[in-house]
Each structure stands twice: as structure tokens, then as C-alpha cells.
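A.B. asks: For reference, the chains in residue letters:
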Amino acid sequence: MKGMTIIVKNVTALLAGLVFLYGCYIVLHGHLTPGGGFAGGTIIAGSFILLVIANGIQYFRLKKEKEESSMFEGAGILCFLLLATGGLLLSVPVFFRNLLPGGTPGELFSAGVIPLYNIFVGIEVAAALLSIFLAFVIYKTEE
Amino acid sequence: MDSLVPLFVIIPLGIAFIIPLIWQVTRGVFRFLPGAGMLAMAVLAFFMLFNLGGESIVYKVGGWEPVNNIPIGIHLVADPLSLMMLIIVNMIGLFAALFSIPYIDKYTGENYYYSLFSLMVAGMNGVVLTGDLFNMFVFLEVSVIASYSLVAFGSSRDELEASFKYQVLGGIASLMILFALAMTYWYTGTVNIADASEIIRSGTGTGTAIFIQLFLLTGFGLKAAMIPFHAWLPDAHSSAPSPVSAMLSGVLIKAIGAYAILRLFFSMFSLSIEIGYILIILSVLSMILGGILASGQWDYKRLLAYSSISQMGYVIMAAGIAMVVLVRGQDAGIAALAMAGGLFHMFNHSIIKGLLFLNAGAVEYATGTRNLKELGGLASVLPITSATSLGATFSIAGIPPFNGFFSKLIIIIAAVQARLYLLALIAVIMSIVTLAYFMKVQRHIFLDKVKSARFAKVREVPWLMSLPMVVMAIMCLVMSIMIIPGVRDTFLMDAVNALLSIK
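Just so you know, the sequences run in chain order A and B.
Residues in the first sequence are numbered consecutively from 11, following the working numbering.
Residues in the second sequence are numbered consecutively from 3, following the working numbering.
Since the hints were made in silico from the structure, they are not lab data.
Glycine is no exception: its CB is placed at the ideal position from the N, C-alpha and C atoms.
The reader is advised that the hints may include incorrect statements.
[Claimed, not checked] Which residues of chain B face chain A? A few of them, derived with a C-beta cut under 10 Å, are:
1) D4
2) I12
3) L15
4) G16
5) I20
6) P22
7) G64
8) G75
9) I76
10) L78
[Stated by the list, open to error] To list a few chain A residues with every Cβ distance to chain B over 10 Å, as calculated:
11) T52
12) A64
13) G84
Can you build the whole structure from these sequences, using the hints too?
C.D. replies: This is the structure in C-alpha cells:
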């Protein structure tokens, strides 16, 4: 697959960054607005998938890319688990306890650890969806 | 001790996701990591069971206290029954994980194997621990999705087909369960099992409750592979790598099938005679048809898979007897006896069937085939496999000193005491049929003369494969001590009391 025309390539090159930023916005405002880690992660994965589709599978070294995204997937979920276990280890031992101060509801830095959970879920979901997509692209011809 | 409860979910999840990250560094050591984790959890569950003394721990995840006595967070409940299931899951998981180390060597992507294996255990631990319906559904999906991938792990044609069939039927089952949960939430306004049970039992909508129960029975019946919902099991359990088959047949169908049925129908809904009879009819069908279908198989693992259906029939039948006895208002002692027999048989069957599948894996590893017509005369070249397999055969067929005899005996005695004589007769007859088809296995694999010259060079399997088999064969014999009153009270009767709420 050689990729699409120059128009598509240029437009996606401009758009992908915006899509990525929008995904980050959704992840970071997960505790304030609709959306959150899962929805934002999907959008972030979408920005990468957009680039791969527009530029063709030869353009990137996709196998290496897939290894890296698998690694991020593992790391994301491990951080999530560590954060949840952190609640168990520190002071009052409760799994999934909200370690940090709550702050004022409605502000970006509020809700304790929930934004952190959202970020890790976002990394995990983005990496997982990208891995699935890349697996389909890379292994489609293997028997 | 309370804060140790979430460890049963944290440890396997941590292992599952740390293995792909650090696999490249030192792979030799990390192959032992899942086994080590499961050993720790089995010991922990054992320790908690002895220290609780029949009490149960309710662990509130996130520290969310109930508001106006309405629980708002997720609760993990460690009562004697869940702890007993945890011991089964992690013990069989330990043996299967050790067995996997040499067995899975020939496959590529070992790290994903161990990762998925730990994920499956995490899901099962979650299902048996949780006190929240929706959380149960989530953990159930975690474990079955991991098992879909594990069934397809060899990625040959048959394995992919089996996995696909399993996915389709498993998906239908999950949808049924989700629908039933939605109905429960609509009816009671809560997804906490203890809270929902109070509302259901004090409410008047028995029709709604029966409707929900039928959906749950279909969904969990599919997961537990009761006939007529069994179509996926023979394919999936015979195609998976053998240690995974041991996990699927040994614990998965119990933890997410039978356990969920027992837990929800006895602890959440009010008992009804209709559901009791449905359970008995389905279980009798499973016992008879599973046994007859097993007799006709020539594929070693397929035969074992059908045998699992038949043996799970005993467990569900015991539950059905207990329910019918309780609803009829007969002596609650009979119900407790039936349930003790059922749980004891569930425990025994997980060891026996785990061992038999590991034997099948060892035979396949050594000879490269599992067709009964090709094999023969392996008793002299595979002495350990042959001896342990004989022990498991005696145990599952119910020959006296072995554990299978006692659990079947308790179920039969309970059936007679409940005046369900036909069920007792069927249980006896199916026990004989079980002996018949396992004798067929013994004859065609281990005893007959050698049929092919290529088996002359067969060697006994590596020690990491034979060690779990020997330990499990010893356990087949030793677990008979659960019949002794002192042991029975801590281990079995507490679990029965937790389920039937008899004090």
C-alpha cells in the first residue's frame, strides 16, 4: 500500500496533531467534562491510525512501532495498578483509596488521584487500540 | 488481615503486565513468576480460611462507606466459600503454571502465554471474591477473554475454529448475564449482592425474579457447559494447550459457571421449587449425555472434556437437591449434606480433571499424538504419567480410598435421604459408566501393546512436568481426609453454611 494522494497526506499531517491534542484535552478533563481516559485514549490512537492510513504501511517501521505500543500498554496498566496499590500501602490501607487532596470541584487540579487514573487509562487505551490496528495491518498477509 | 483481600487481584494482574515489559531482560527467571504468585495466593487463602473461623470479611474498595445503609462502592467478600474457591483456583493454577514451563517451550510468544494465564487467574479470583454483580461481570469477561486467546494459542486451524466457536457462544452467554444484571438493577436499584438479596426476598415480584433467574441460568449454564449449552466445551478444551485445558476444565467452568450459579441462586434469590427442578433436570441431562458421549470418543482430550460435563452434572445436581429439600421444608441437614457433597465433588473434580489433562499433555508432549487408536503400551516408557493417571482414574470413577468416592457417596446419600431415589440410582449408574470409559483410556494408552515403532524412543517427561502430576495424584488420595469431622468442619461445612445461611 503506497498511501493516498499528496493532498490527503498534507491534510492529515496538519490534522493529526490537532486530533492528538484534542485527545489529550479529553483525557485531562476527564473528571470535569464527559469523556475521560477511555474516550480520550481512543482519539489519541485515532490520530496515529490516521497517519498510518494516509501515508501507507511502508512509510513507517510498523513492527518496531507495534513493539513500542505494546510496551506502553503494559506500562500504562502497571502504573494504574501501582497507583491503586499505593492507596493500599500508604497510611490507611485501602485499595483504590484517593490519596491526594480533593481540591475545589470544577477546577482542573481537583478530584485527587482521579485525573492520574485517567491519564494512565488514556495511555493504556491509546496503546492498546494502536497495537490492535497495527497487528491487523502487519499480519494481514501472513498465512 | 482485612487489607490482604485485594492482593488476590493485585498479584496476578501485576504479574500479567510486568511479564511482557521485562521479558527480554531475564526470561529464565520470569517463567517461574506466575507459579510463584499463585503459590503465594494459595497459601494466603489457606491462611485466611483457618484464621477466619467461619466468619466473612467485607472489604470496601476505595474506602467508600455505605450511605443510609445503601452500599455505594464495590465490595469484596471473602467468606469460607470464596476462600475455598480461591484455594482451588490458585492451587490448580500453580500446578498448571509449573507444567507449562517445559510444555510451552515449543510455542512462540511465551511471554504472552504467561501474561494471559495470569490474567485468567486474576479474573477468576475476582469473580469468586466480589460481592458486586457488575464487578462480577467485569472479572468474568477478563477471565473468559483471556481464555479465548489461550484456546487459540497454537493458532492452527482447529484451534482457531474452537476459539471462534467458544467466543460466539461465550459472547451470547455474557450478553444473557448482562441482560439479567440490567434486569436486577432495574428491579432492585442496586448491584450489590447482599443488598439486592434483601430487596428481592422481601419483594413480591416472584415472576420477575424467576425471569431474571432463567436468564442467569442460561448465561452461567453456557459458561459451566451444562447440556444443552455444552457445544463449545469439547472443542475448546481439547484444542487448548494442555495446561490451559487443565485450567479451563479444572477451574474455569467451576469458578465462573458453577460457583456463580450457586452463589447467586442460593445467596441472592429466594429459593423456588421450579429452579430446583430445572437445575436437577439440566444436571441429570449433563451427567447422562456427557458420560455417554465421552464413551464414544477416540481423542484423549475430547473424552476428558465430555467427562467434565458429566462430572459437573454431579455438582449441579447436589445444588438442585439442596434447593428442592429447602423449599419442600424437609430437614435442613439434608440440604447441607447435599451441598457439602456438591462442593466436595467440585473440589475433587478440579484436582482430578486438572491431573488428567496434565497427563494428556504429558502423553502428547512425549508422543506427539492424542489419538487413542494410535497410542498403546506407554506404561513401561512413561511410568510416572501412567501411575498418576491410574490414580486419577480410580478417583474419578469412585473407587473407595480415593476422594472421588467420598464426594459421590455423600451426594448419593443426600439424594436417598431427600427421597429422590431415581437421582441416586442415576448417580450410581453414571459412576459405573465413568469407570468404563476411563478403563478404555487406560487400556488404549497405557496397557495395550505398543502399536507403532516410533513410540520406542519415547522418554519420560521433564521433572517440572512430572512433579505437579505426582503432587496432584497424592492429593487425590489425601483429600479423602476432608471426610474426617474436624477437617470437614473448617473446610467444607463453613463453606456450606456460608452458602445456605444455616448457623
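A.B. asks: Output the indices of the hints that this structure fails to meet, ascending.
C.D. replies: As far as the earlier hints go, only 13 is violated by this structure.
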